[in-house]
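Just need the whole structure built from these sequences, with the hints factored in.
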Amino acid sequence: MLRLSVTLLLACVALSSAASLKHGLAKQSDRSTRIAGGTVAAPAQFPFQVALLTAGDLHYCGGSILNQRWVVTAGTCVTGKNMADIVVFAGSNRLNEGGRRHRVDRVVLHPNFDVELYHNDVAVLRVVEPFIFSDNVQPIAMRAAYVESGLNVTVSGFGRESISIVGDDSLRFVEAEVIPQDECREAFDENYTPRLEDNTVCTRSADGEGICLGDAGGPLVNDGQLIGVVSWGIPCGMGMPDVHSRVSAHRGWILVHTLV
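If you read the sequence shown in the numbering used here, its first letter stands for residue 1, the second for the next number, and so on.
What the hints contain is simulated information worked out from the structure, not anything from laboratory work.
Label pairs and their computed distance ranges (CB to CB):
id	residue 1	residue 2	range
1	Asn152	Val40	19 to 27 angstroms
2	Leu259	Asn222	21 to 29 angstroms
3	Asp189	Ser149	17 to 25 angstroms
4	Ala44	Met238	25 to 33 angstroms
Ideal Cβ positions, reconstructed from N, Cα and C, are used throughout, including at glycine.
Following this line, the structure appears as structure tokens:
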């Protein structure tokens, strides 16, 4: 399998849908990774999906509703950000139609998050006004069991459709498959494989499909359960694996901070 060079990989990962933001996002925004290719989601198809917006209403990351007050996202989506500049948008599959914006009053970043290696790339956010559950707004349960390779999964997000196409503000999704760690490692330059560990899940989608800029923090789902949090990848749909934080490895920590 052809490996991507470290230099190109670093350049691709550094791209971000939030690159134009000016609110203390330097460390965070250059690591954020819309679904490339894929299908536009139907209303209420992913009622647990949220978008993270800046106070200026610019989308930059995704997340998942855990209960009436808490959202799980990626650590990269909160690093270097002021809490007052994080807005949670829920209840619509279009960023410019319907839905509700929620202010945030607490942010908890995983204590062992490594900003260079993306290890433990998980954070939770508490909203000021509770989510009002409906057909369009629902929590998602976290998978407790370890996810094995070969599993069919779905990843969704409001990110770009490609590096050069911002898209129409629609939520999109792609189908993918969990691949073995050794296959995932083989895809990347050996100097980059330290990012891959047991606490990460690698997935592969059809050619031309995958995560893109603005998808970081979003859900990786199987059978209605959250199994991963989108972490990083090579935008967009370039045939490389996408990498996610394994929810089962962080479930205990998440529950400690989010039980209400």
